[in-house]
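These protein sequence lines map, in sequence, to chains E and H. Per this note's numbering, the first sequence starts with residue 55, numbered consecutively. Per this note's numbering, the second sequence starts with residue 91, numbered consecutively.
Don't read these hints as lab results, they were simulated from the structure. The beta-carbon is built from N, C-alpha and C at its ideal position, and this holds for glycine as well. All the given hints hold, so there is nothing to weed out.
Per label pair, the in silico range of CB-to-CB distance: (1) Tyr376/E x Asp114/H: 43 to 53 Å; (2) Glu388/H x Val800/E: 46 to 56 Å; (3) Thr554/E x Arg434/H: 32 to 42 Å; (4) Asn742/H x Arg873/E: 28 to 38 Å; (5) Asp114/H x Ser218/E: 31 to 41 Å; (6) Trp412/E x Ser132/H: 43 to 53 Å; (7) Leu224/H x Phe685/E: 49 to 59 Å; (8) Ser132/H x Asp676/E: 27 to 37 Å; (9) Gln751/H x Glu894/E: 38 to 48 Å; (10) Glu388/H x Ser634/E: 41 to 51 Å.
Given next are the chains, with one letter for each unit.
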Amino acid sequence: MKLLRTIIPILLLLFMAATGANAANVKVSGVVIDNMGVPIPGAALVGPGNVHAITDLDGKFSMSVPEGAEVKVTCLGFLTYTFKAKGKSTMTITLMEDHESLEESVVVGYGVQKKAVITGSVTNVSSRQIATTTANDLVTKLQGKVSGLNIRNNTSTPGAYDHSINIRGFGSPLYIIDGINRDGTDFNKLNSEDIESITLLKDASAAIYGINAGNGVIIVTTKAGSEAGATRFQFNANMGISTPTDRVRMANAYEYYWLRNAANINAGDPEFISRDELEAWRIACETGTDYQTFGEDGEIIHHRNTDWYDETCKQFSVRQEYSLSADGGTKNVKYYFNVNYSNDNGLLRSGDINYDKWSFRSVITAKLAKDLKLVANVSGYMDDRWDPAADMFNVFRGTICLLPTGSVYANPFVEPYNAYPYYHSVKEGQSYNAVAQSYIDDCGYHHYVNNAIQSVFSLSYTPEWLPGLEVLGKVSFDKRFAQTKILRKNWKMYTYNELTGTVADEDWNPNVQIKNSDDYTHIYNYQGQINYHTDLGNHHIGASLIAEATKRDRDYNSINKYFDFFTQAELDYAGDKDQSTGGNEDHQRKLGFIGRFNYDYAGKYLLEAAVRRDGTYRYHPDVRWGTFPVFSAGWRISEEKFMKENVRWLSNLKLRASWGILGEDAGNAFQYISGYGIGGGGWWEYVPGSVSYGVTSPALVNEHLSWLKSYLADIGLDIGLFENRLSLTVDIFQKDKTGLLATRSVDLPNTYGAKFPQENLNSNRTKGIEFSFDWQDRIGDFFYSVKGNATYGRTMNMYIEHGPYTSSWSVYRSANDNRWSGLGWVYTLKGQFQTAEEIEAAPVYSTAIGNRYMQPGDWVFEDVNGDGTIDGDDFRPITLSPGAAPIWNYGLTLDGSFRGFDFSVLFQGAAGFTAHYDGPYAEPFWLGGNVPAYMMDSWHHEDLFDSSSPWVPGYFPAIRTGDKACNYNSPSSFTYKDCSYVRLKNVELGYTFRQKFLKMAHIEKCRIFVNVYNPITWCNKFIKAYDPEKVAGQQNLGWNYPLMMTFNSGINLNF
Amino acid sequence: MKKISIILMTVAAIAFSGCTALNDFLDVKPTNKVSAEEVVSSPEGIQAFLANLYYRMPIEAFDFTAESKPNPEQGYRDGFHHNDGAPNNSARYVWLLTDDCTGPEVDDIPNDNYYMWWDTAFELLHDLNEFTALIPTMESINDDTRRELTGQSWFIRGQIYFALARRYGGVPIIESVIDIQPLIDNPNDEETMNETIAKLKVSRATEVKTWDYILECFDKAAEYLSETDNGHHTMATKWTALAYKSRAALHAASLAKFWDEAPLTGDAVDAGCVGGFTPDDMNRYYQACLDCSKELIESGRFSLYMPNPKSPEEATENYVHMFQKPEDAYCETIFVKGFYKKGRKYGTNQDVWGQPAQTGGAWPHPGRMNPTLEFVENFATYDSPEESVKFVTYDGEKFDYDGYKDDRVYYKFDNPLDMFAGKDARLAAITILPNSYWRDTLIVIQAGVIDMQGKIHHDIRGDMKAQYMGWDGKVHYQFGAADNKFFSGFCYERGNNTRTGFSFRKYMDPTFVSSGSVWNESTTDWIDIRYAEILLNYAEAYAESGLGDGGLALQCLNATRRRAAFTTDIPVTVENVQRERRSEFGMENNRHWDLIRRREYHKIFRSYRRGALEPILDLRDGKTFFVRAYRQYAAINTFKEKWYYRGIPGWNVSGLIKNPQQ
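Taking the hints into account, I'd like the entire structure generated from these sequences.
Here it is as structure tokens:
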């Protein structure tokens, strides 16, 4: 892209130099820059009578035109700017970047295409758009910015890169990085500064990537350097402090006792705690101190609240990132180098989370001969991650479930039991002492090291004897090496004995375990490509033939040993008893042949057809080859004469449509091979002390098993208005997926002893609509743009293999075919019982215990079938099932710049998805653990200790436990919450210095910025504490590492 | 230009060389699949091959739980291999469902929820049939291997059908696999579908025919299998086949003789799917048992382990050792299932369940296997070797279970262990008696105390910490101590204490240490069948039928008794044989199947409560007396006659006649 920007104007210049210039009245000179102050080389200035000037490498120009004449400044990738010539010594002309430039080349499958003639649903994101967000990784930087690209972050655990990414709600996309199919991990770990552009193939145009392109393709192109001459360096540094976006506040000791007591009184049991004691705890919590009272014999009774979260976690974690890049080149050699380092030290007070990442990229483009070009793109990363062996899940669960009345150490008031190593032995709500578990020194660690080297070498030959022909060969080799070391130490926890004043210890994990594992992956990819294009008058014809082969081998080994006594975390020092080793290999092969043909007539009528023949090792030789065609067409209505002449405000109007077949791998590989299986079978001890492992008997095989096939259709409209300052895109799409795996529902007699294998039986349909707009303009020196996008996509089951339905009810309840997928069945909530009389008149809520424990405040469910009993028959599909992806995704970006200042504001959100609250968040004192403080807002007696005092209404039903909790937790529209949200994702404010003193220090540009990430969220207030973005299933409900709000500041230096 | 041509040609060669043989490139061999022939081409391969089938054989070893959960939604489980995935078998071993044993939290009988083995049985049969069909087609194996594989195939088939017939009566006999590949290839061809499924529906054979088939399987196995193995008796030989035939034939013969004691009605009976035995069948089966048992005995390959102890104490130690270390008793063991190592799928749990509470260590649930009073009383004494000797607890003992009565004059002992003096040596080998030593710990089993005022405290829900002053001026507790670490009996709390007065010893590894929370840490091997059973099978067949050799039967019956330090012979009567079986096979699986085949379950379990012998410490004089009582908070169990046959899962889809009252 940059190359074109540079070359075309130079050609123009040569052309114009030949035509000569007319005499002029005024000399106009100056510099052309972009809105960030960067000089634009190669911009063309055109005055009346075809007077021309072209900016040089520093953006400078000089020309003579008549006074008052209109001069047009044009440059590829920028909106045209017009000014009136005045006799001014020097002037600065700022051009506005054209987000939707139609002339720009966009990377599409195996090649580039001018945006104007693209017929597929393709979206392009530039490096500049990515850079407006400062966040942990590339994926988080893309969130909300691209229509159709739906991203959710599941955790901010340093080094976890746990995101859900899909295109239009289809499922995991295919990643193509520098032309090579790579993994999601590779994409996640890309250094965002290395990226030149990202392209999304959202419709059938993805079919060119064959099997597994069925869910769309994300194509990443990395930077390649420029022919600018002198080397340009860029140094970036930023530092961020992060704190959870929100968290569920758990009850403090007073609230805990208050609720515990309420639970007893509400259930008609004796009080749990005396009034005086409760009061003492209230004071203790309010003052935050150890409040002491005195018992009957004058002994001291302590009251001290423990906030397990605060004991375990810091207020904020710190993240830093530095990178240095160099790019430059000459006509024959271009280069780009980058090294990047980042570090995140996590939230734990112990400091025992740590993540370091190094990455580099080296891209060299060399002209080996006049018509032969070599590109060598080598990159790699090394990351290194530590966390406590107890697992973050267990640590965070501890901060949720442990009782605030407990203590971190065996006895907080008696030395030495109030300090290390006397961790209190507690277990509540399946959690152990969270503080103890957060220390590597105590419980051991996980240590992950990931190394990867990726390389692509391509050689292209563009012979002079046949212009338009290109022959391209590409070889890539990737190697990934992941090393994991786990050390689980034996540690002790202690219980204080009041009577003896001593502690009893308990051993945790009696056997100290050490486990090392290595995981190597080698990926080879070979591509050969012949491209040809030619123009016959208005007929533009292009064709490509491509062959591609991929080979992927993986090798995994692990060793597990136990220490008789622990000395050093070395395998050599561990004992031989019960040691075990393991390992396996995996080999994959793929082949593809692609033919593509493009045609357009005068850039008006566009046509493209492509077909890929893809073969994979996974399936039976008879069915392993698949054909994936795609057809697309476009009509640029705006290019028609009648439009061009009559509708001048319309700069672009393109109608396009595409249809194609896409594939996606299904099931395990080799299901076609019948054979005796190794591993997984039984075993027999023929000779005492040694074992023979059995081979498993062959299962029935399905030789026809093949990939899932999708038929994807898309109709889109691209509109550009007011010289493209406003652009709009609308797409409607439908994807029919067939061949989803299912087992035949035909009942075989169970005496047959075998079951049908999986077959490609089921189908579904995803349809949706996607739109985006982009408005950009300037008011004097104030440049701004507003970009928005929204995607709606929902999946409906079509054919679902099922057994016979036994009744119309079973059809209603269990039939899934021709229904939206992901419906949640719950009771219909009508409110809360207000009085005992209402309960008496109510239907029966439990056939086992009746309504005898029901209390005012309990949920009123609708007895839908009117049978006087509330049971499973009263469920209705009135909600969405938790964990299903949001139906709506949207984003809005506001960017602007003014005289060195720049800002960017991003809103992002999703709607149409649900979370289900259970476990500690819905069931009071779940497994003996703590309760969320929000349960204080529950029905309770006016006098907490008197069950005959009147009820005080609350948001939650009256707290009780066990059977007496009644329908507290029943699935209803109360426990299934709508998670729709809008969040202010990112705000960044920067200022760029261009002062003289910088120049003297050889610094071309210096930008400083502050940024806040995830500052505000609008959603259901209940959901907010859990963070709606990551809510998915119980384990994510605040039991894992939270999502973070981050304040960043940083500097970008160019020199 | 020349250079360029060379470079281009090289690149083209690299890029397209991989494409010359396209399918070759894509032909990746899976790393986890292999053909049967490749496997059985070496002796180790045969072992590996059989390992899978052996592993799946229905052996009711320590990794078996009698409880079944046939509902797939609850996680289908058929009782075998509970140590793989669902390690918590709740200690429902076979003997826990008989009148021999109970547990604080299990007091049950084999009702509808037990002993299901259907789907996985036919899965194993399917795989076996597929393999059996392969044997003659394999070209790379020699005739010896072919014979061996054929024999193993018949042996496993015999095991499958034996387990099925014991549970369900007559079952479909399926010897080959019908290929349903056409159904997969032509999913829409309904005609083929219906035809094939009709072929797959094999009806049940009659029960008589099924038992005949089982005997035939073991005969064939004995014909083909070799006579020797590696000496560890972990692999079937001719003798293994004969031993199981002896067990199966006796089972069939007993059914033929006693079926009418619990007659059933219904379609299955009319069709002969259950029942339908004739006297001829009975004699045929008894004769078969006698013949194969005799062949085994006369082969001279087996003998009892330590057949001539010098004293009852030595007899106890010998007997205990055989089960703790089956590998030392090769002369007696005929088929052993080894447990290779600790851990999921490999180890078992009997050590943690069985330990008395005092030696349970870190394990939270010991004390779950409690031998009953009835089991203990079944043993003869050396003074009265020909009868089960019941305990006389008070003057004028009426042998009822009505518990403590303060008007009775109980016999008191300084050492409670004296109550059991003179009992069969095997009693102390199978159970831990009150006040005996286990793992150097005095096992305290005490149900209650009589306080100084003469009031009894023996409700097992009593407060373990309540203090009572005693004759010696010291504090005493109801269960013998204030903390469960120091007693093993009766206290209701946590369900870790024996409810009968007896704790479990057989199989227990005295060196076992639990790590506290990890399942499947026991590795003691399981003896599935041993020579003693062949002897007693012969004795029983003779006693029940009058067929066979009376002199041999007399030798058979008394051999195990002599091993238990009895010195005089007793005659071969039905009663003597049954008492001896219950004594010799205490806490093995035999009792359950004996009650089934002899149709005694429903006679014993008729509103039945298991009995306990409660040691009570009289604090007035420091002596202990015993109270005969029902196990406190016992379940009252009645065995329904229909439970002699398990319900058949999916009978309607499979086109089978269901079992009576299913």
